[in-house]
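Protein chains in written order, with my numbering: chain A, 525 to 1300; chain B, 1060 to 1348; chain C, 689 to 854.
Hints may be right or wrong, so weigh each one.
[Unchecked claim] Computed, partial: chain B to chain C, Cβ under 8 Å:
| id | residue |
| --- | --- |
| 1 | M1060 |
| 2 | P1062 |
| 3 | G1092 |
| 4 | Q1093 |
| 5 | I1096 |
| 6 | K1100 |
| 7 | L1121 |
| 8 | N1122 |
| 9 | D1161 |
| 10 | V1164 |
No wet-lab data here; the hints were simulated from the structure.
Cβ coordinates follow ideal geometry from the N, Cα and C atoms, glycine included.
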Amino acid sequence: MTEFDQGARVNEIRHESGSRTEHFRLIRGDGRFTADLRIAGLLHAAFVRSPIGHARLVGVSTQEAHQCPGVEAVFTSGELPALSAQLPSPFEIPGFDTRLQSVLAREEARHAGEAAAVVIGTGAQEARTGATRLELELIPLPAVIDVEKALLPDSPRTYSDAAGNLAGRLTRGFGDVDSAFKQAQRVVSRRFSAARAAGAAMEPRCVVVDPSGSDGYALTVYEGTQAPHAVRRSIAKVLGLADKDVRVVAPDVGGGFGPKGRTYPETVALAAIALAIGRPLRWEASRSEDLLTTFHGRGLVVQADIASDEQGHVLGLRARLIQDCGAYLPTAAVVPLNTAQHLLGPYRIPACRFDLELVYTNKTPISPLRGGGRELGVFVLERMLDHLADALDLDPLEIRARNLLQPEDFPYDTGYPSRAGGTVVYDSGQYPACLETAKALVGYDDLCAAQEVDRQAGIYRGVGISMFLESTGLERERARAELTPGGRVQLMVGSPSTGQGHATSFSQVFAREARLPISLIDYRSGDTHLVDTGIGTFASRMAVIAGNAAAAAGKAFRERLREAASEELEAAAFDIDLAGSVLQVAGAPGRGISLETLAGRLESRGHLAKVAVDEEFAPERPTSFAGGAHAAVVRIDPELRSIEIERYVVVHDCGTILNQAIVDGQIHGGVAHGLGNALGEALLYAEDGSLISDSFLLYPIPRAAWVPKIEVKHLASPSPFNPLGVKGAGEGGTIGALATIARAVEHALAPFDVTCDDLPIRLHDSRLVPHAANRQ
Amino acid sequence: MIPTGCSYHRPQSIDQAVDALTSGSGAVILAGGQSLIPLMKLGQSRPAALVDVAGIASLRYLNVEGRRIAIGALTTARDLERSTDLAAAVPVFAQAAKQIADPAVRARGTFVGALAFGDPGGDWPAIGLALEATLEVCGPSGSRQVQIGANLTPWEAIKRNEIIASATIEVPDGRTAAVYAKVRHPASGYALVGVAVLLTLDAAGVCTRCRIAATGALRRPARLPTIEASILGSNLDGLDLEEVAASLRAPLAGITGDAYAGSAQRAQLLRVLIHRTLHQTVAKLTSHP
Amino acid sequence: MTPADSAIEVRLRVNGLDREIDVDPCRLLVEVLRDDLGLTGAHVGCDSSQCGACVVLLNGLAAKACTVLAAQCNESEVTTIEGLSSGSELHRVQAAFQEHHALQCGFCTPGMIMTTVDLLTTNPSPTEAEITEALHGNLCRCTGYVNIVRAVLSLAAHSSSEGGEG
Ligand SMILES: Cc1cc2nc3c(=O)[nH]c(=O)nc-3n(C[C@H](O)[C@H](O)[C@H](O)COP(=O)(O)OP(=O)(O)OC[C@H]3O[C@@H](n4cnc5c(N)ncnc54)[C@H](O)[C@@H]3O)c2cc1C
Ligand code: FES
Ligand code: FES
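Produce the complete structure using the sequences and hints provided.
The following block contains the structure:
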């Protein structure tokens, strides 16, 4: 039934395997997503948006909308101070021309989808109908679309008061790059590009705001967000409230992938309007709105040079990265920084210099998207190694083997400046073994050997193998646990699950440390009311950070339980053991107390709060590095120019595995996302800045028939940088897939000299031997 | 979500349906709704009134008599996909049905509705054209029979206040076979390019009838008479691939393209698909003479 | 929802219960299920009828509830994910999804399950290719479909009923 052998499970934390209790509600249709919430007296909002990329907003005619049946109110930016406020920036980038989005557009709309008015209706249909009757008077302005052309002196400008479209430049690197290139016996230079892509979580964005104060907060906001605490901060700031006045709850979240970790204008607009009119409000994005306005990902052009000696030892790496930021910062800024750092991969690279240019365009802002920029760093680096191998007539796996870090190199100081200060240090890994394992599993040598014969028979099959590395586990997170009056345990974490199975993994970790049965634990998360801090569920950080916090909480909880029991049982705390749900004095059978009885007694004396813990995990070294190798076998129909993925193998090292089924699931989904990016997903814009790919009729999400059965093999190098030894696993699937597919396609089409440096890969633009009917 | 402001009628007979279409301006027929409702949701169609014909029981039938197939207006893709009689008589129906959308859409979308609509990337129109369906069209002045041909498509054949009650297809006797193939648009699943081929060969293998209809690559689905003519009269039993391929090299007129697949790309795909479907059709005739 | 003058009366049977509602002719079945009947298990993931998050059984066959007007469902029988099983019992498709970890965020799941129920009714022993084809109209962004296909395959009549993650 499975591709895993026993060895694969070595490092899975063995406790009662989490039964994925969160599934039960969801498979019965009892999930509670934001759009499922029902609040009495709810009104509905619909936004009116600019259809084009750049326009002066001269006026808004609201009269007709007001007259529509069921329309209660119409708001434009002037109506409430908060509606013309700017969304606060969570961080500053020194030296940058940072432009922030305002809640509703005032004088100019700078990307298609930017909202200028809100219609409030008794029902969603009424609000939407009203919105279709509202007219924005727009004067089109020239739109900045192409990120490279945006840098030319004669380009139109996203901001008329700016000298150009450059938001800012950054340089990163170390070592003496110039002399590395001088000494080099080989230099290969290439240009790469990655189209804009959508997160396209299956649940479109949705917000419900309740100003009734029934739960003691001035405002309660429900949103399927990855980062409720950050959303709370932005709302409070714009509305002039204190954080403690605002509660943000992420109910069930239908996928996140990065873009749902941002604060959006719609959320703040709803909060402002709900407070002003004293009625609860809801807005649910249609898919078209979601594709148009939920921040996009990717959108990068890279010019890279690699220097090596005659044996293919890399001497230095140089790259110019041009990031399309869309119309507003700041979230785009972290993306090319991640890209740059991941241009080093799991290799020994003595010197590098990366010049980053962040460019405004009249498009939707950019956000980290599954991979967060890491996927493109890995893509460019792995592609450069392939091209270098071709230039040196070496096998691409051989050139990797010659440059890979060895297990004994860890911890490895890359020399690269870390955002947290100091340099980036890799914690652990066994990259050569990953490469060898991938090679063996996919049958690399046999596939290469069979290629000639296959081609004679008209079969074009290729194999690609590439390595990846992923920084995971940033920042801090808290886990709280409380004994309930009924003798159960409530475990709470700040940031929400958006499908990663936190309830299972973290309950399991907690239960193991607390020595409690997992069935006693009720998990809750994503509610600022329960845990006052949280960073967010992204950057593959939760298993590392919240996982360790949950473990610490479990350990502490056990002590609190023993202390409480020691008073009841009149025994020393260290003599008390937990067995199932009974606390037992060691060596004295019969002297025990069940959790339920203990809880009851504590409750009656008002002491229940004694058995409560609140643990934060904020590691000194902020990151652990997951990594591994991907291998793909593709078969290409050169006549139809279609690509079929016959096999896909991932050799994955994320250190200690908390729950293997969940990790495997993350890898599967990540790979599918990467296949989408490699083979089709692209958000295309027209000249006037309108979005062409504005529905699932035009934006291709991978479907069941073209995602192969992804095979996963685990090798585990536990991280020495955190107590559990875990590394994140949420994005490695995507990060590794891009270069792997590109190489496999190139390999299959070697006779035609096809190059796959642009994502998505489009064979139609390349020269293949034409079908007889197409020969000129 | 569909904006408000549309009325709805449920006629129980064809006459009532025609009345409803005639009396209100902007009234349109609603059959399976799998083309019309998506358009209304995206705001691309805003009919004033819907005439839901699903209640007209007399339109719900599929009759297979030898090689004569009568398809009532309410017959769905799924009905065509699952009929064993039909699969035995004219297998191309099931073969094409399986390439359309997904089971949920096929359970509601009708064959006749697809002909009436003529989606530029629709699959059924190519089948209707290649198999030269005869439509029974009912309007205010009674009913008439319309044969679809090289120069007449179903959507051109009917007026706004008419309803197609059925489509009848008669597959010619003799060595005749039909094949449908498509390349799906990676996002929508509609035909990026689709080709339906029907061939009749005489005992010597000479092609006596050739119908080729294309979809996806053209502004609307259409027959390709020039290519048909170049195949007609050839001996296809000893099918010479190179020769057929050569006859396809001529420039194709009216090929459309968009940001996802340009016209040059669609033209190339179209030629490959024609070649392959011709080949498959001949192979069928050769294995089951 | 205040039915306008043009509201029409619809009688349908939902999860075994007879319902009579007045609806605006433009309201979609999925909207009526979710908003009027409180059955929020069918989700809305798109506006172009592509994603399948809304699939229910309409007279026994899978249908995209976002592509059917409530008005069209007069005298029809609708089964939603909520009506698939009762009490703590799971329908076998639900059980297989649980067992094979065939969901992550769970947003696509009700639609996936309903499509699968239809598939297994019409074809009790589908092959892997038949499964992925049947799921063509159901998009999932989380799972890469790997475990979904595995779950469905485990239910195919020709498959032995062993399960587990191995
Ligand atoms: C997600 C999705 C994917 C799809 N993918 C494909 C695909 O891959 N290939 C494909 O070919 N199709 C596809 N379709 C379209 C589907 O096949 C439609 O069902 C079909 O084209 C139209 O049939 P209908 O009964 O639904 O027509 P309706 O939507 O009810 O009507 C369509 C039009 O035809 C008119 N009409 C309908 N019946 C009659 C009649 N009897 N007389 C006169 N006029 C009539 C209507 O007034 C309307 O203008 C897809 C649809 C969806 C929702
Ligand atoms: S909501 Fe996407 S298909 Fe129905
Ligand atoms: S489980 Fe999230 S979309 Fe399928």
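Verification of the hints:
no.	hint	in the structure
1	M1060	7 Å, holds
2	P1062	7 Å, holds
3	G1092	6 Å, holds
4	Q1093	6 Å, holds
5	I1096	5 Å, holds
6	K1100	5 Å, holds
7	L1121	16 Å, violated
8	N1122	22 Å, violated
9	D1161	3 Å, holds
10	V1164	6 Å, holds
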